[in-house]
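*Asks:* The primary structure of each chain is shown beneath.
2 protein chains.
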Amino acid sequence: MTQIANAPAIILVAPQMGENIGAAARVMANFGLFDLRLVAPRDGWPNPAAETMSAGAFEAGVAVRVFETVETAIADCGLVLATTARSRGMEKPVVDMAGARARILATPGRAAILFGGERAGLPNEAVTLADAILSYPVHTGFASLNLAQAVAVAAHGWAEGRSLPPAFDAPVDEPATREDLLGMMEHFEAELDRAGFFLPEVKRGVMVQNLRNAFTRAGWTAQEVRTFRGAIKALAVGRGKARVARD
Amino acid sequence: MTQIANAPAIILVAPQMGENIGAAARVMANFGLFDLRLVAPRDGWPNPAAETMSAGAFEAGVAVRVFETVETAIADCGLVLATTARSRGMEKPVVDMAGARARILATPGRAAILFGGERAGLPNEAVTLADAILSYPVHTGFASLNLAQAVAVAAHGWAEGRSLPPAFDAPVDEPATREDLLGMMEHFEAELDRAGFFLPEVKRGVMVQNLRNAFTRAGWTAQEVRTFRGAIKALAVGRGKARVARD
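If you read the protein sequences in the order shown, they are chains E and W.
Be aware that the first sequence starts at 1, since it is given in the working numbering, and climbs by one per residue.
Be aware that the second sequence starts at 1, since it is given in the working numbering, and climbs by one per residue.
FYI, nobody ran anything at the bench for these hints, they're computed from the structure.
What you were told as hints is all true, and nothing was included just to trick you.
Here are the simulated lysine-lysine pairs, DSBU-like style, with alpha carbons at most 35 Å apart:
hint, chain 1, residue 1, chain 2, residue 2
1, W, K203, E, K92
2, E, K233, W, K92
3, W, K92, E, K203
4, E, K92, W, K233
5, E, K203, E, K233
6, W, K233, W, K203
This one's a predicted model, so the numbers in the text were calculated from it and none came from an experiment.
All chains should be modelled from the sequences, with the hints used to inform the complete structure.
*Replies:* Written out as structure tokens, the structure is:
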């Protein structure tokens, strides 16, 4: 997999649980991030629990480097963002994820996003080294995200606005023409007329309008129109048969 | 905690692991979503593993209801979005998270977002019941998100836009690397130590923090760092000369 230009490094500072490191790696690969840096991971590295939770992300290209200090982890970076929900009493620009993406795209150097460990988040010394604070619009009183969830938000946020999976590029089926759609609606209305549905006659106009609005809003494909016309025919024939049977 | 108007319900269809249900609940509460619905959870409900991973989200207000079918789970909804990375050969509008937020905000009724279980995602029958497909810009070849991570992206996406606007500044010169900046700060601090600036010693920490915050905030260019280090050197040399001259 190719690294997209400007893709930021994800730096986990003193992470504790291997499960979270693995889950972070997985969601990084989901959104095209492949530079994972660990500062003093509690349980060392490699970590079997991380491997399990990664769902193959390391084999898929997520590269892990371990550092002893935040300073060495960010040495090659031109932009450093620190994630925290608390201001720390520091004079520092605060951006949301859209703002972070804009800053990352605007920086000519390597960008990195710092995430603190499970227990206490980033230490003040690490936030001090960042150009800006990245914060999420969390709910007051329940502001603490799981570490891997915080990485998920950043990974998606980084990728947001890019194209959706190529599976969605090709139209599934040829769209119905307006002639197809009108033919279908007229067919439906003709059968409803024969069934005595549009009575009293004075209400016909508004009833047709309601049905045509609903049908038109649905954006039918040619195949769906053919299927529905078959269904109308079956109902009409069935109704006729039923009437014959009753007679 | 108060439910924000239009906040969508999150519906997990045949989820398997309690850990993922709990992690989903936690990140829902993080972003102000409190309506969690489970369709046929494999291990039943309540689930101790979910409780552990929720970090108190259920006590914080996330309400869980269990349903036997998708049809009953979405019965009260006016808008239903189905998350999937595969087109399923269905003619269905496809939106990204920003598009989903716009649709949710525009709908007068209750909205819901469907997520499939860990093994196979949503069944086609569930996708068919949705107004639109919600998809994320995932990386080709590594498109499968962890269930709780997928919920995290949606929960943040729903809340996005509710934080401070970013401040931008475009660099005019090559940015300094973090190594350049750290070298500059350490150089400055070393000269201040020699000058007896950090006295009393007990205040050194907060003084260094203040200086490093100011320096780091400034977005130095490589040239500015070179200039400033020249200035430090000149001051240090000058001070030495002055002392010599006084002696």
